[in-house]
Each structure stands twice: as C-alpha cells, then as structure tokens.
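Model the full structure from these sequences, guided by the hints.
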Amino acid sequence: MNRIFLLTPLIVLLIVCIFSLIYLLTGKDPNKPPSALLNKSVPIFESSSLYNSNEIIKTKDLQNKKTLINFFASWCSPCKVEHPLFFEIRKNYPELYLLGFNHKDPTLDAKKYLKDDGNPYHFVGVDSDGLIALEFGVFGLPETYLINEEGTIIYKFMGPLTKDILKNEIAPLL
Amino acid sequence: MISLIGFLSLVFAIGINFYLLLSRYIFKFKKQRFNFFIRLSSLLTLLSFFSLMYAYVTSDFSNYNVFQNSHSDKPLIYKISGTWGNHEGSMLLWLCILSIFSFFFSFTKNIEDNFQKLTLIIQAFLHILFGLFIVLTSNPFLVNSILVNEGLGLNPILQDPGLAIHPPVLYAGYVGYSIVFSIAIAGLFQNADDEWLYVAKKWSLISWTFLTGGIALGSYWAYYELGWGGWWFWDPVENISLMPWIAGLALVHSLIMVRGEQAIKKWIVFLSILCFSLSVFGTFLVRSGILTSVHSFAADSSRGVFILLIFFIITGFGFLVFLLKEPKKSNSLNLLFINKVSALVINNILMIIATLTILLGTIYPIIIEVLYNKRISVGGPYFNSTVIPIMIPGFLLMSIAPILSWQTSKIKSSKKYALSFIILSIVVLLQSYFLNFNTWGFVGLLLGLWIILASIIAILTSYKIKFTIKFFQIINPHIAHIGVGIAIIGITCSSVFQNELDFNLSEGDEFNVNGKKVLFEKIETTNETNFQALRGKFLFNIESNKINEIKAGKNYYPVSKIITSEAGILHQWNRDIYFILGDQKNNEWFVRVLINPFVSFIWLGVILMVYSGLIAVTRR
Chain A
18 MNRIFLLTPL IVLLIVCIFS LIYLLTGKDP NKPPSALLNK SVPIFESSSL
68 YNSNEIIKTK DLQNKKTLIN FFASWCSPCK VEHPLFFEIR KNYPELYLLG
118 FNHKDPTLDA KKYLKDDGNP YHFVGVDSDG LIALEFGVFG LPETYLINEE
168 GTIIYKFMGP LTKDILKNEI APLL
Chain B
-8 MISLIGFLSL VFAIGINFYL LLSRYIFKFK KQRFNFFIRL SSLLTLLSFF
42 SLMYAYVTSD FSNYNVFQNS HSDKPLIYKI SGTWGNHEGS MLLWLCILSI
92 FSFFFSFTKN IEDNFQKLTL IIQAFLHILF GLFIVLTSNP FLVNSILVNE
142 GLGLNPILQD PGLAIHPPVL YAGYVGYSIV FSIAIAGLFQ NADDEWLYVA
192 KKWSLISWTF LTGGIALGSY WAYYELGWGG WWFWDPVENI SLMPWIAGLA
242 LVHSLIMVRG EQAIKKWIVF LSILCFSLSV FGTFLVRSGI LTSVHSFAAD
292 SSRGVFILLI FFIITGFGFL VFLLKEPKKS NSLNLLFINK VSALVINNIL
342 MIIATLTILL GTIYPIIIEV LYNKRISVGG PYFNSTVIPI MIPGFLLMSI
392 APILSWQTSK IKSSKKYALS FIILSIVVLL QSYFLNFNTW GFVGLLLGLW
442 IILASIIAIL TSYKIKFTIK FFQIINPHIA HIGVGIAIIG ITCSSVFQNE
492 LDFNLSEGDE FNVNGKKVLF EKIETTNETN FQALRGKFLF NIESNKINEI
542 KAGKNYYPVS KIITSEAGIL HQWNRDIYFI LGDQKNNEWF VRVLINPFVS
592 FIWLGVILMV YSGLIAVTRR
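So the protein sequences, as listed, match chains A and B.
Numbers in this note's numbering are just positions in the first sequence, counted from 1, shifted up by 17.
Once you know that position 325 of the second sequence is 316 in this note's numbering, the rest is easy, because the numbers rise by one and skip nothing.
Honestly, the hints are just simulated from the structure, not real lab data.
Small disclaimer: the values here were computed from a predicted structure and weren't measured.
Heads up, some of the hints might be wrong.
Partial list, computed: chain A residues near chain B (C-beta under 7 Å) [stated by the list, open to error]: (1) L30; (2) C34; (3) F36; (4) L41.
Just so it is clear, CB atoms sit at the ideal spot from N, CA and C, and this is done for glycine as well.
So this is what it looks like as structure tokens:
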C-alpha cells in the first residue's frame, strides 16, 4: 500500500511527460489549431482589388491552379517579418498563384505598406470588414492557406511563415 | 563586449558548479572553500545578468536579444524590465534568482555542515541544468549579425510598472522552492535530525510570500491593463502559478504544525518535491509555448523538449529518492475527531485535491489534442465548479483551526463560536434575501465574514492584547486568516455582484451610473515618448461638489504597431467603477462601465497574507 502511494507521483510524472513529449514532437503548436476547414472546399467569397475596385476575384477564379492565400495587414508586425518570403515563393514557384487578403486595413495604409515593402501577390483582395477572414476561420494575422487545383484547402498555417516551414511543410505539397 | 563578459561569466559559473558537483565524489573541500566557490558562482551569474541588463540600459543593439526586444525611445524603467520581458532574459533571471537563494543559504547558521553542503550541491546541480538550457537553447548574448541603430521594441503590453516587477517577484517564489526541494532531498539522503524542518520552514515561507505577491501583482496588472474588467481568468498560466501556491500553502502549514510525527515529516518531503516540480512544470508549459496566453513568447519545440527533460530529471530524481530513501521509523498520528492534527490532515488533503484538479484541467487539453487531434479549452466554468467547492470545507475548518487543541477534541469556549456563527448566518441570510439573493454570494459572504469573526473572537478570548512585536507574532496565524476572509469577501462580491452597463455616447453626453450623473466630456489625444495616447475624459458624479475625473482609452505604439487598452478606474473603498472605451462608430463611442463591488478587499486581503508571511519568517 505504502509503495503504491510512493510510486504514484512517478507514474503521474511519466504520463504527463509522455503526452507533453508527443505533443512537442508531433509538431503540434498552439499557433496552429487543427483547422475545421482543412481538406474541405474553399469558402465562397468575392473581393475587389485593392488597386482597382472594378476588378473582382471570386472562389471560382481559383479553379485549375494551386493558390496560396495569405491574410495580412499593414498594422500587423509579424506580417512584415514573413513578407520577404513571398517574393522567394513567387520566384521559386512561378506556377503558384499568390492571393493576398488585406485584412481590416485603411486602403491608404495598405497601399503604402505594399509600396514600401514591395508587392509579391498576383492579386490583393480587400477584406476591410473581415468577413472573408471570418469565412476562412482566421484566428489571427498572419495566416496562410494552400489550395489545390480542386479548390480544397490542403494546408493552413497560423503565424509568420519561416524558411523551415516553407521547406518542410509547404514545398512537399507543391 | 558587454555581451561577451556576460556570456563568459555565465559559462564560468556553470563550470564552477560542475566542479562543486564533482567535489562530492572526488576532491573533498573544507566548508569555507566550498562556500567560497558557491558564492563565487552566484556572483558570476549575477554579473552575467547585470551585463545583459547593462546592454539593455545602454541600448546596445549589437546584442541580438536587445535588438529584438528593446528600442532606444523607451523609458529607462522599461529598458531595465526589458531584460526579463523576453524568453532568454527571463530564463537568465530564473537562474540568477536560483543563485541568489544559494548565496544566502550558504550563510545559514545552526545547520550541520555536511547537510548544508549537500543541499548546496543539489542547488549546483539545478544551476547546471538550467545554465545549460540557457547556453544551448536560449542564449541571450548572441551577437547581432547586422549593424543596426534601432531595436524592434518591447511588447507594449509589458510596458507597465506593475508588470515590470511582477516576473522577478513571481520567480523569487517559484525558484525559492528549489532550496526547499534541495533541503528535503538532502534530508532524505542524510537521515538528518529535525533541525532541517526549521530551516525548510523559513525558506518555504519566504518562497510562498514572494509567490503570493507575484501572483497578486500579475492579477492586478490583468485587472487594469487587459481591460476585461476581471482580475482572474483561469488562464493556463494563472493556473500554473496557483498550483505551487496551494501546494506551498499546504507545505507551510505542515511545517508550522509538525511536532516530530514521522508521517507528517514524510508528507512534508513529498510536498517539498511537489512544490518545486510544479514550479518547473509551470516553467516548461510557459517556455515551451505549449500554452498560448499573454505570457507566451516565441515558441520553439527544441526548447520545449529540453526543458521537459529538465522537468523530468528533477521531478523523477526527487520522487525516486523519496521512494528509495523514505524515512522508515513511524509513530502514529494523534488523530482525534477534531484537533489540530486532524484539521491539518483534512486541510492538506483538500489542498492536494484542489491542486490535482487544477493540474488535470491544465493538461487535459494537451492529452486530448494528442489523442484525438481536437482542440478544446478548459476554462472558468470547470475550475469554478470544481476547485471552489473543494476549498469550501477547508475554509470552514480554517476559521477555527488555530484555536483547536493538540491533545483533545474540546474547543475552548465553543459555545461562543456556535452562537456567533448562528447570528452571523441569520444576518447574512437576511441581508442577501433583501438585496439580490444569490447562492454563491451568500456562501462566499458568510464564509468570509465567519473567518474574520472567528479569528477576532479567538484573538480577543485567547490572548491579552499588548502592542509588542511578540504579540503580533503570536496572533500572526489569525491575521493571515483574516486576510483570507477579507479576500474571500472581495472575490465573492466582485465576481457575483458585478454589474455591467453599456452605452453609445458622443462627446458632451451625460449618463447615469448607479444613480450618479456622469459626463463624457471629451476625447483627447496626446503624444508620449514612445506611444500615442487616446483618452476619453469622464467626470463622475457631476451633481456633487466632489467630482472625480476618470480617463479611459487606448495607447498606440508605433514601433510595434500595437494598440493596448487602458481602463479608467475610479477606486472607492467599497467598489471600483471601471470604464472601458471601445470603438468609434458614426461619431458615437462605445463605452462599457463595470461596477465591481469590494475589489479593494482582494488586494487588502493579499497584503495581509504577505504581511503575515513576512512576520512568520521572523518567528522561530
């Protein structure tokens, strides 16, 4: 009886450590909650271009090509960190369509941001009221989605992209 | 240059600790020489920490850590607190505090030399573990590869005086348990006599007092900075600090009450290991980034694995020694229906159940996500409905525990207590009934008031009132319990009877809060050193002669492009009126006003607890 009492803390310790270790090693990250939309179709959206409000992009336009959707804003500093990476993506994967959604941002700020830091996107859609982000289940900026030719979301990442993530997680899907 | 000095002194400090660890087996030192090395390593660790602080104060952006987390525009105090406002620096602070505790422990007298030495060797072992963690995964002295003139800035939410001192105080609590841990393990190894209990009591009281202060500071900060109107959110990081706090409370009580009973001594050793393990576990959960909260800095799984390993080694080692070296002698406990020992045992059991309940709620989401790949969050409702009911019998017992006898089940003047409890219940019941009745409100108020009343009766009937230091030392347990009672009243009233009012207002509008007229005078914007402030100015109670001005608003930090909310709070002794300025729409501002009754009681209660912790340290 006494032994069992003395062993209990060690057993509890072992259980806690094993689960924590698996959690860490499987690359689970609190910044990457399992997405409800993963492996589902892209939500229906319609958005106008930041530069020309007559130019519209719709869900249908994403058919037959791989698309990387990135939600960003000029006020979001982690977005600034990942920003240069999109130029690299555009250079290395010319086939990939880069769609940026400017999230809850004054137009002037957004334009200035893309002028100062450069514009890597093929199309910059406006999401001024955040409704598109809501449809996508965006948790926080920046957030990036990869869509395949059939219009299915095959990958989602929360937080600023890094070279490692690009190399290990996104590149194999391209 | 300064970074190099910092790094080298850190490495030397770790080296010295290696040397000390080996000294146990290879070269035997005399006590004086041994203590010299311990103190030297402490001073080197301190030097390392101050080098980093110096780099922050002088905005030395050739240090990568400073570049990442500081900015030359920042006020001096936030440059200093920037030292620990990031992962690397805060780990160095942790190590630094560990060293300080070892340093002071090396001066302890009335303790057997070998025992002291062994305790310090275990401290050296802990120093090596955390030191290696810093050097290998979280080095704050990395050189910045590019030449820059400006840094990226400290997270604005951390730019607050309360938060500047919250981490050092909290860490002093967490890390203080390392000494208690080392003492307990050394005690197991050496089968030392009971002298170590006295030493352990002192250190665990110090740690517990720091921890209480640290938690309260964090909580107070959350209250006025986060702008959610509450002060406790069952946030995972709050839970983590609460676990060692409750376990530490059990430990302090056991240490105060132990009178040579083997079973309780064994229990004390268990609690000592548990307290420090929970502290390290908390560090792991926060630093690995497994939990997201206002405390998470950048997550990095390699760090997580390393610190999990440290947690595993320390806790595993502790409990393994406990398993193998447990004190063999046993004498039975003097358990009666209701005496001091049985009250202690019951309260300890309740506190451990509460700790485990919190632990379960905290790690449950991790387990579920590993097993089912689903994200769940365990929040307030779980903790409120489990932890609070578990604690209630403990609170009831607490009110009379200090006057229970050691030998018999009799309580001195028990009739007085029974009578006053009945009268109090009726008064509170009537009061609740005629105001708005709420079960939790009733229970909380009754408990809080009863603890205060019973403690006062105990002081009045048991001691002669004198204003001497000795008298305050004797009534100290009662004072601590009065503090708890006051805090319970504050907690109950502010959570159960909180009142929320929402308004859409234009400048110049008048509105009513609790029957008092309030004027929303104007919106002001000002430029401060490193942020822009937007404030709504409110004049409270404009119909009287005593008009209070309240400013609520937001700060915008251009460097990091972050907006923080700044609640405007009018503190009154019996309530806080809490203003939050929301967004503007069509020239109207959304304004939320919360009336939080008796919040000040929570802080008053905590101050009493900290005070009695300090008094208890001075008492033998």
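Hints and how they fare:
Checking A/L30 against chain B: minimum C-beta separation of about 5 Å stays under 7 Å; hint holds. Interface restraint check: A/C34 against chain B, minimum CB-CB distance 5 Å, threshold 7 Å, status holds. Residue-level restraint check for A/F36 holds (minimum Cβ-Cβ distance to chain B is 5 Å; threshold 7 Å). For A/L41, the suggested interface contact is upheld, since its CB lies about 5 Å from the closest CB of chain B, less than 7 Å.
Of the numbered hints stated above, none is contradicted by the structure.
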